[in-house]
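Could you put the whole structure together from the sequences, leaning on the hints where they help?
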Amino acid sequence: MKRRGFAFDLGIATAVLVVLVILPILFPSKALIDFAIRVAAFGIFASSLNILVGYTGLVSFGHGMFFASGAYAFGLLMQKAGTSIPTAFLLTVLISAALAVVVGAICVRLKEIYFAFLTLAFQMLLHSLIISWQQLTGGDQGLMGGIPRPPFLGIDLSDQSQLYLFACATLVISLLLMRHLMQSPFGYTLRMIRDNAERAQYIGIRVWRMRLAAFVLAGTFASIGGIIMSLLMSGAYPEFAYWTISGEAIFMLMLGGTSAFLGPTVGTMMLLLLNDVITKFTEYYGLTLGVVILLFALVFRKGVADFVVEEWRRRFGENQA
Amino acid sequence: MDPAALADCLKTTSCVVTQVTSGLIIGMLLFLVAAGLTLIFGVLKVVNFTHGSFYMLGAYLALSVYKITDSFTLAVVCAGAGVALFGLVFERLFMSRVYGSNVLMQLLVCYAFILMMDDAIKLIWGAEFKSMGMPAAFQRPPILLAGGVIPAFYLFLIVIALAIGAVLWLVIARTRIGKVVRAAAHNPTMTSALGINTGLIYGAVFAAGGMLAGLAGALAAPVRSMAPGMGVSILIESFIVTVIGGMGSIGGALAGSLLIGLIRSFGSIGFPLFTEGIMFLFMAMVLVIKPSGLFGKDI
Numbered sequence: 000m001k002r003r004g005f006a007f008d009l010g011i012a013t014a015v016l017v018v019l020v021i022l023p024i025l026f027p028s029k030a031l032i033d034f035a036i037r038v039a040a041f042g043i044f045a046s047s048l049n050i051l052v053g054y055t056g057l058v059s060f061g062h063g064m065f066f067a068s069g070a071y072a073f074g075l076l077m078q079k080a081g082t083s084i085p086t087a088f089l090l091t092v093l094i095s096a097a098l099a100v101v102v103g104a105i106c107v108r109l110k111e112i113y114f115a116f117l118t119l120a121f122q123m124l125l126h127s128l129i130i131s132w133q134q135l136t137g138g139d140q141g142l143m144g145g146i147p148r149p150p151f152l153g154i155d156l157s158d159q160s161q162l163y164l165f166a167c168a169t170l171v172i173s174l175l176l177m178r179h180l181m182q183s184p185f186g187y188t189l190r191m192i193r194d195n196a197e198r199a200q201y202i203g204i205r206v207w208r209m210r211l212a213a214f215v216l217a218g219t220f221a222s223i224g225g226i227i228m229s230l231l232m233s234g235a236y237p238e239f240a241y242w243t244i245s246g247e248a249i250f251m252l253m254l255g256g257t258s259a260f261l262g263p264t265v266g267t268m269m270l271l272l273l274n275d276v277i278t279k280f281t282e283y284y285g286l287t288l289g290v291v292i293l294l295f296a297l298v299f300r301k302g303v304a305d306f307v308v309e310e311w312r313r314r315f316g317e318n319q320a
Numbered sequence: 000m001d002p003a004a005l006a007d008c009l010k011t012t013s014c015v016v017t018q019v020t021s022g023l024i025i026g027m028l029l030f031l032v033a034a035g036l037t038l039i040f041g042v043l044k045v046v047n048f049t050h051g052s053f054y055m056l057g058a059y060l061a062l063s064v065y066k067i068t069d070s071f072t073l074a075v076v077c078a079g080a081g082v083a084l085f086g087l088v089f090e091r092l093f094m095s096r097v098y099g100s101n102v103l104m105q106l107l108v109c110y111a112f113i114l115m116m117d118d119a120i121k122l123i124w125g126a127e128f129k130s131m132g133m134p135a136a137f138q139r140p141p142i143l144l145a146g147g148v149i150p151a152f153y154l155f156l157i158v159i160a161l162a163i164g165a166v167l168w169l170v171i172a173r174t175r176i177g178k179v180v181r182a183a184a185h186n187p188t189m190t191s192a193l194g195i196n197t198g199l200i201y202g203a204v205f206a207a208g209g210m211l212a213g214l215a216g217a218l219a220a221p222v223r224s225m226a227p228g229m230g231v232s233i234l235i236e237s238f239i240v241t242v243i244g245g246m247g248s249i250g251g252a253l254a255g256s257l258l259i260g261l262i263r264s265f266g267s268i269g270f271p272l273f274t275e276g277i278m279f280l281f282m283a284m285v286l287v288i289k290p291s292g293l294f295g296k297d298i
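Listed in order, the protein sequences are those of chains V and U. Anchor point for the first sequence: position 269 equals 268 in numbering that gives the first Met the number 0, and the numbering is continuous, going up by one each time. Anchor point for the second sequence: position 189 equals 188 in numbering that gives the first Met the number 0, and the numbering is continuous, going up by one each time.
Incorrect hints may appear among the rest.
Claimed, not checked - Calculated cross-link-like contacts (lysine-lysine; reagent style DSBU-like; alpha-carbon spacing at most 30 Å):
id, chain 1, residue 1, chain 2, residue 2
1, U, 44, V, 110
2, V, 279, U, 129
3, V, 279, U, 121
4, U, 44, V, 301
5, U, 289, V, 110
6, U, 178, V, 110
As the list claims (entries may be wrong) - Covered by chain V, per the in silico footprint, the following chain U stretches (three or more residues, Cβ under 8 Å):
id, segment
7, 93-101
8, 118-127
9, 147-161
10, 279-285
To be verified - Chain V residues, not near chain U, derived (Cβ > 12 Å throughout):
id, residue
11, 15
12, 152
13, 172
Please keep in mind that the hints were generated in silico from the structure rather than gathered at the bench. Note that CB positions come from ideal geometry on N, CA and C, so glycine has one too.
Put into structure tokens, the structure is as follows:
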């Protein structure tokens, strides 16, 4: 099959961005805009987790740690230091990357389930720290008092529709970057490590270093999701660091599928939509969502995007054979 | 954070005795739950994330039986048996389908059941907090030891939990059934080639683990209030315990439980908001230094 390059991805990204810009003009609804911003935040978050789960074969239970570090670092920088949004954005990403280097260096040495446990432990450690360091973080109340959103370069993020455009642009750019990285030789090295780490080691790949690089990359992108969330909520809450947020991200991956690049984003949309629909129609949220999860885990056994990709390959693969 | 209060407590024997006792009962209840979790992991190599919900189910079953029969003994027995049956069905119908696939699938199946069981409890018993009240047999004056107060029920809890732990150890280490279970844990293919029904063993181990969690829930019912969602915190704690003690090691579960119990009871004086943090810090340290846990076999 012909490999489509970066130009193709760029074209698709631009097209999607254009559609996203036109969308609120066609359907001017506050709920839709709010929904789209949440999809952007969690879409970046879930896709970044897929760098670890889908591409590198590292199942992290503690990815929410970077979502929270993004939201809190950004919120604190804006509240206490009074920096401009682009500076705070950049600093937050750097802080989260540094955190990921430290945590990753300790975690990636461990195998499978122990890696999952250790990442979970670090995430809950951050959660406890947020809860107990009340002077700085506001404890279980969260980062209260709103996050100031001063205009920059003529963009005013306190305006919901401009925040929407900012979130969409961030989503598309982040996805494009991740896609590009995953299609690079580095991305294929990660896949090889996932499939056979021992073999990768034998041909001279420093598995430990590559895993760490993937971990830092994933953590960095996850923090961008956190930043968008903190902008939307105008605050940061300890729930961002709680283990359930990592659980939800994993469920988004499974819903959408881990093998297609856009799977996690599709899964994010599905889960958020499912949440909204279920809470609207029934008070038995857990029972309904539980049945849906069981259906995916036991009957379908893969995500929606996996089905689409397989169908695509079956149809168009045969044409070329 | 209040380290001064902790230092004050450590100076008086009465406070130390009270806190150690409360740490012991937290630890012993945790041990029952964690022992089940570690048993299931040791044999089946899966982490049963629904274990906290098993504990919750045990507590609610005990509540209902106690309300109807007014007998605490019967309540505990029925809770143990009921959750064991639930565990058996859960393993045979659902978990057994995802053994071959990756951890994520097992996690998802468990997650689905956590959500569904919380809602089911809400449907059957209601969303509000419930409490069982102290059974008449234990409504007697507490024992005073060196100025510390020890309720009679606490002593009973510690003794019964130790007894259950001892029985569990005896069955696994000294009986033929235990031998078969250990064989299935060590090499399931070989065990089934010798004509032993490993599926049955897996189901039985899940039932035994469920029974332990159910017993713990029932025994805790007089001293703790219950609400849907109560399983999560006990799941996380027993999870920390098993990782610290070593996944699959019952002795490790005992040591880890006592440790966490004491951290909880003394931590609630010194640093109430960070006790969970201390537990996770401990778990992280153990994982970094010896991933297989303090009592686990090296991997």
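Hint by hint, here is what the structure shows:
1. Between residue 44/U and residue 110/V the CA atoms are separated by roughly 14 Å; this keeps the pair inside 30 Å, and the hint holds.
2. For the hint pairing residue 279/V with residue 129/U, the CA-to-CA distance comes to about 28 Å; that is within 30 Å, so the pair holds.
3. With a CA separation close to 18 Å, the supplied pair residue 279/V and residue 121/U stays within the 30 Å bound.
4. A distance of roughly 23 Å separates the Cα atoms of residue 44/U and residue 301/V; the hinted pair therefore holds under the 30 Å criterion.
5. Annotation: proposed proximity of residue 289/U to residue 110/V holds, straight-line Cα distance about 12 Å (limit 30 Å).
6. The hinted pair formed by residue 178/U and residue 110/V meets the criterion: a straight-line CA distance of about 29 Å does not exceed 30 Å.
7. Restraint check on the segment 93-101 of chain U versus chain V: 5 residues with Cβ-Cβ distances below 8 Å, three needed, restraint holds.
8. Only when three residues or more bring their CB closer than 8 Å to a CB of chain V does the claim for the segment 118-127 of chain U stand; here the count is 4, and the claim holds.
9. Only when three residues or more bring their CB closer than 8 Å to a CB of chain V does the claim for the segment 147-161 of chain U stand; here the count is 0, and the claim is violated.
10. Using a Cβ-Cβ cut-off of 8 Å, 4 residues of the segment 279-285 of chain U lie near chain V, which meets the minimum of three, so the contact claim holds.
11. Every CB of chain U lies more than 12 Å from the CB of residue 15/V, the least distance being 28 Å, so the non-interface label holds.
12. No Cβ of chain U approaches the Cβ of residue 152/V within 12 Å, the least distance being about 40 Å, so the stated non-interface status holds.
13. Interface exclusion of residue 172/V from chain U stands, the closest Cβ pair being 28 Å apart, more than 12 Å.
Consistency with the previously given hints fails for number 9 only.
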